[in-house]
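What follows is each chain in one-letter form.
Protein chains: 4
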Amino acid sequence: MKNPRGFASDNNAGVHPVIFRKMQEVNTGHVISYGDDPYTPLAIELFKKHFGKNIDVYFLFNGTAANVLGIKALTQSYHAVICSDLAHLHVDECGAPEKYTGCKLLAVPSPDGKLTPQSIKPHLHGFGFEHHAQPKIISITQSTEMGTVYTVQEIREISRLAHEYGLSLHMDGARIANAAVSLGCSFMELTVQAGVDILSFGGTKNGMMFGEAVVFFNPAVSREFKYIRKQGMQLGSKMRFISAQFIALLEENLWEQNARSANNMARYLAEKVRETGKIKLTQPVQANAVFAILPPEIIPKLQKRYFFYVWNEITSEVRWMTSYDTTREDIDGFVRELNKYV
Amino acid sequence: MKNPRGFASDNNAGVHPVIFRKMQEVNTGHVISYGDDPYTPLAIELFKKHFGKNIDVYFLFNGTAANVLGIKALTQSYHAVICSDLAHLHVDECGAPEKYTGCKLLAVPSPDGKLTPQSIKPHLHGFGFEHHAQPKIISITQSTEMGTVYTVQEIREISRLAHEYGLSLHMDGARIANAAVSLGCSFMELTVQAGVDILSFGGTKNGMMFGEAVVFFNPAVSREFKYIRKQGMQLGSKMRFISAQFIALLEENLWEQNARSANNMARYLAEKVRETGKIKLTQPVQANAVFAILPPEIIPKLQKRYFFYVWNEITSEVRWMTSYDTTREDIDGFVRELNKYV
Amino acid sequence: MKNPRGFASDNNAGVHPVIFRKMQEVNTGHVISYGDDPYTPLAIELFKKHFGKNIDVYFLFNGTAANVLGIKALTQSYHAVICSDLAHLHVDECGAPEKYTGCKLLAVPSPDGKLTPQSIKPHLHGFGFEHHAQPKIISITQSTEMGTVYTVQEIREISRLAHEYGLSLHMDGARIANAAVSLGCSFMELTVQAGVDILSFGGTKNGMMFGEAVVFFNPAVSREFKYIRKQGMQLGSKMRFISAQFIALLEENLWEQNARSANNMARYLAEKVRETGKIKLTQPVQANAVFAILPPEIIPKLQKRYFFYVWNEITSEVRWMTSYDTTREDIDGFVRELNKYV
Amino acid sequence: MKNPRGFASDNNAGVHPVIFRKMQEVNTGHVISYGDDPYTPLAIELFKKHFGKNIDVYFLFNGTAANVLGIKALTQSYHAVICSDLAHLHVDECGAPEKYTGCKLLAVPSPDGKLTPQSIKPHLHGFGFEHHAQPKIISITQSTEMGTVYTVQEIREISRLAHEYGLSLHMDGARIANAAVSLGCSFMELTVQAGVDILSFGGTKNGMMFGEAVVFFNPAVSREFKYIRKQGMQLGSKMRFISAQFIALLEENLWEQNARSANNMARYLAEKVRETGKIKLTQPVQANAVFAILPPEIIPKLQKRYFFYVWNEITSEVRWMTSYDTTREDIDGFVRELNKYV
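Residue numbers (the working numbering), protein chains in the order written: chain H, 1 to 342; chain R, 1001 to 1342; chain U, 2001 to 2342; chain V, 3001 to 3342.
Everything labelled a hint here was simulated from the structure, so no lab data went into it.
Check the hints yourself; a few may be wrong.
[Claimed, not checked] Stretch by stretch, here's where chain U covers chain R in the computed footprint (C-beta under 8 angstroms, at least three residues):
| hint | stretch |
| --- | --- |
| 1 | 1071-1078 |
| 2 | 1126-1139 |
| 3 | 1217-1227 |
[As the list claims (entries may be wrong)] With a straight-line Cα cutoff of 30 angstroms, these simulated DSS-like cross-link-like pairs (lysine-lysine) come out:
| hint | chain 1 | residue 1 | chain 2 | residue 2 |
| --- | --- | --- | --- | --- |
| 4 | R | K1301 | V | K3121 |
| 5 | U | K2226 | V | K3226 |
| 6 | U | K2304 | U | K2340 |
| 7 | U | K2301 | H | K121 |
| 8 | R | K1272 | R | K1340 |
| 9 | V | K3226 | V | K3048 |
| 10 | V | K3121 | H | K226 |
| 11 | R | K1226 | U | K2226 |
| 12 | H | K304 | R | K1226 |
| 13 | V | K3226 | H | K121 |
| 14 | U | K2121 | R | K1226 |
| 15 | V | K3226 | U | K2304 |
| 16 | H | K121 | U | K2121 |
| 17 | R | K1278 | R | K1340 |
Even for Gly, the Cβ is constructed at its ideal location relative to N, Cα and C.
With the rest of the complex left out, here is chain H:
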């Protein structure tokens, strides 16, 4: 079967061979299920290496669950979650956060996908007033759904605001590796040291088959998360195969290498598109996404060979995602095709 490498999503890519190999390595004989195997503690150790000793980390199947169950751990149903109006949490989870946590989502307009203290503040009111869902979580996505990246300083300002008002800061890190590479900083600098309280650490979009992690930076609040994970239908029985993937990703610098490659390819794509002189990019390219306005008539032509999604039907804005396995040749071929039409 021919599987053309397009720009639809980084989750259209397969599994990185190093990760696959590690899964095969652990496929030997019987081990206790649900995480009491010999591999899961090794994977947890690697998270501690990257995020500090004082964390509590849990593996789940996917990113929807990492976000939703993480938030569930910090909230009661009468709480509210403040997020960008473009947040995956708000836009692409079919209402899973509301259904599972009972919380209200407060969506803040944010054209580049980023919240700011200024845009958050109007929602920080009604505390103690029982008619008002009580703000409890600020959720940011790093890198954002628009391919932009919060600086460490920007995160710090948001966390300071959150903590001042008694809220927690949640980071949807489905693409945190891309952000870390983009900023040239460590996971710790980007999270716990910047005041993040809880993180969804993404694996699937960075070369894994499945598996995400929830990282708590304050183990006090995660004491009962094992029940939330189980009741949340996210406790994998053959856990070793998630753990093996995280080991492969984190024990050497595979996470970095994959993210760096995807980011570089996004920059390269942006450059090549800019060179056409005819296409407007709509967002700064800081991670592995490129947003552009295309003439509507050429979109279906281009999609024939290189699949990608229209982001906004009205403005004819499209999104191109690169992934760890995107190559210069993929991009050169795509841009050649693009040049035929523009």
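Chain H is fixed; fit chains R, U and V onto it per the hints.
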């Protein structure tokens, strides 16, 4: 790392090599995520081969979700689910069914894990009475949590009762392959032809890495299941890797071969244990589980080399599960160890 | 105890004497509880007189529940509800809709509290896309939280849009009597004839002690509402005392008389305030609310004798509600006080 | 309309005139809604007089909500609630506890409606095991659904067991006044001094129109209950009318007088029925309920003039409830009728 092959659970086993190979085969290039890949339709076709054309099937991560979301598709929150008091659904899901569906579970005492029309009937009352959670689902496990197997006739009697009262019959088929092999009948005979309305089809306990299926025998009721799966945090992005596993399991008779082997080993284990003349088996051995009463003092000794679970602390009853990769040598070794102590 | 009559809310008023008397009248001996009493059918008949034969009506304790359970009857958890960003449903229910229905609320900016086809349309997308909470309900408040009133024509346009896309139109009629009087039209013209599918009919803000009704204009969808009401903790045992209130409100024109009086007083208040020449009213006065910008320093002074709420701390906008028992003397006194300070 | 005084339920009775009068007294002018009125603090003071200073008390509309929201305040969704298999909570709330709290209910067989340490203990296991819904609440009903009454000593033993295992003791006191009168003890002796952690205090079945209270004996856990009540759709706007009723019930000994009368009538009824020599009573008569086995053919004849419910169709057991306004004449008339047929 040495991973001794014990009798704790069939989910302690690894991934069958044929399945692993298929996962590797599909790990080539980019495909659309969330099931719009070339492999998922093939896997669905295989389900149709086994269950008939008129089904609707969805792949999920794990068995908890297959049961809970399947039931969610057929219920409103004011409904009740009738199940065995030993049902995994009731005992081992940390309350996931109640949390996610809002339904009440009505647990029916059933020492061998099997419901009967007689034991169900007392719960079929209060219809139309708004103070009473309305019975809507009867859920049976096949093979049961006690290693017993419903005959086709028994299922038919339960489905007839269910339908007479306007209820649906749900089958938790985490080990349905073991049941089919045990009865020597096809999946269709065991399910749709016996009146089952919805099935959780288990893969993980029969040699897969992860992945279960929900099979609807009346596509009318599943029309909106895709939303339930997504909101239920169970839509895998790199779906091809679940589909590939089901292809491997179902395209040849791997499902049968694995289940047959596990069942045979359970019978062999039972036989060998009986031969000791000193140990009482507490359930008929019809699938891949053996239940026995052991003198309490020898349990920890045995567990040192062959891990298994105590089922009932009070009666000193233990459970031994065999899996697709259990060998005669494993059992001979275990029984030798057993004979040292009894 | 002295209870000064202020302008805080129409629910600060007591019970209208005619209603109280009716409650006393039905307080005689034993009747079957939960609605099988002789009075509840009479109350239902009166609703049918006002809304047509083909309705299904249920009595609940309060307006929060009328809105939330009504919406629950028409939705699954993966649906979305489109409403004004000022809707009581969104702003003042502590997240009850999300918690109980699981649905996402999509809040549409609407400075005068009114949705329009234009403001709704951008949310009518993503149908059939499982990542997107499926739009299912448009909810409007009549009269609105801003004291404005939808014309019948405006409602008709919204219902046409809703039905075109397969959505239902929900009306929060906590103050529907004020709207009907304002427009000079009947309840039927305002609801079923304008395409409303489900209505919360408010009693408490129009002189009742407690009690609201959910009116379904398509009994097909309400078939199981009795379970939703009971499970929703809103089935009153001594139902006759809610029914008696609705009888008193609806059997003569008390509903109209109360609403007319409140509306007249709001207009009178607006007029008097305008006469001061110094205070800006921010909304048209179409029902029983007046919104105005006050110099911030005079607000606490005024509140001492006449309690009311600040609507917007930043703009110093205040809300004055009139109720069925507000008198010209109340307003004259208040405006005298106001004139002292401006 | 003729409303015959039967034995169906104590909620078939109307409102006690003293209570009605108090409601009328507070119906004067405007007061702040949602409990910030002058009457609610008085009612709370009376609860403190009866239950001690160190309580936190909230008024709700009905008993379903008092039980469900009270339990919600003490649980997370992965917890379990242990109760009698005859508990109203389990049998008569249409699954409201599961829907709203997400918790699993563990129903313990208890023919007289009473739990015991012995019957509870088998459910106190699986702590720390994430597959198992964690036991968190023991809920008892006082007086029970079978008209029996826990002694203070029995409650103390259950609370001791609960606290030893880290659980809380919940009391459904829909008929707590009947129990207190039956035992001749104070509310404090029956609750906080016996180790009860949270109480649903019933008003409706003891002469009120509507209104129940949740009493927390440890204000630490109720800190956020105001949000739970509001989100739980149980915050009444014209709260003064609930408060007034509690004032009437508690300021003098009306609660006691009403309960005593109902209890006395139940005893009188039991005595009279026993005198017939032909009818078997099935439960000790300790509060205001009488259970008896009747020949099935006479039940419909009796129900014509005196309505009551069949409790168990199979055994032909019926339930007769007395209420505060039941008279000797009612009972004499009923027993005369009974004597015609037996």
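Verification of the supplied hints:
1. Only residues whose C-beta sits within less than 8 angstroms of a C-beta in chain U count toward coverage, and the stretch 1071-1078 of chain R has 3 of them, enough to reach three; the restraint holds.
2. For a cut-off of 8 angstroms, the count of residues in the stretch 1126-1139 of chain R with a CB near a CB of chain U stands at 4, and the three-residue condition holds.
3. Only residues whose beta carbon comes within less than 8 angstroms of a beta carbon in chain U count, and the stretch 1217-1227 of chain R has 3; three or more means the coverage holds.
4. Among the hinted pairs, K1301(R) with K3121(V) is consistent with the structure: their alpha-carbon atoms are about 29 angstroms apart, no more than 30 angstroms.
5. For the suggested pair K2226(U) and K3226(V), the alpha carbons sit about 27 angstroms apart, so the restraint of at most 30 angstroms is met.
6. Among the hinted pairs, K2304(U) with K2340(U) is consistent with the structure: their alpha-carbon atoms are about 13 angstroms apart, no more than 30 angstroms.
7. Taking the CA atoms of K2301(U) and K121(H), the gap is near 29 angstroms; set against the 30 angstroms cutoff, the hint holds.
8. Between K1272(R) and K1340(R) the alpha-carbon distance is near 14 angstroms, which keeps this suggested pair within the 30 angstroms criterion.
9. This hinted pair checks out: K3226(V) and K3048(V) have alpha carbons roughly 18 angstroms apart, not beyond 30 angstroms.
10. With a C-alpha separation of about 24 angstroms, the suggested pair K3121(V) and K226(H) falls inside the 30 angstroms cut-off, and the hint holds.
11. Of the supplied pair hints, the one linking K1226(R) and K2226(U) holds, its CA atoms being roughly 28 angstroms apart against a limit of 30 angstroms.
12. Among the hinted pairs, K304(H) with K1226(R) is consistent with the structure: their alpha-carbon atoms are about 26 angstroms apart, no more than 30 angstroms.
13. Of the supplied pair hints, the one linking K3226(V) and K121(H) holds, its CA atoms being roughly 24 angstroms apart against a limit of 30 angstroms.
14. The hinted pair formed by K2121(U) and K1226(R) meets the criterion: a straight-line CA distance of about 24 angstroms does not exceed 30 angstroms.
15. For the proposed pair K3226(V) and K2304(U), the alpha carbon gap of about 26 angstroms is at most 30 angstroms, so the pair holds.
16. At roughly 28 angstroms between alpha-carbon atoms, K121(H) and K2121(U) fall within 30 angstroms of each other, so this suggested pair holds.
17. Only pairs whose Cα atoms come within 30 angstroms are accepted, and K1278(R) paired with K1340(R) is accepted, the gap being roughly 12 angstroms.
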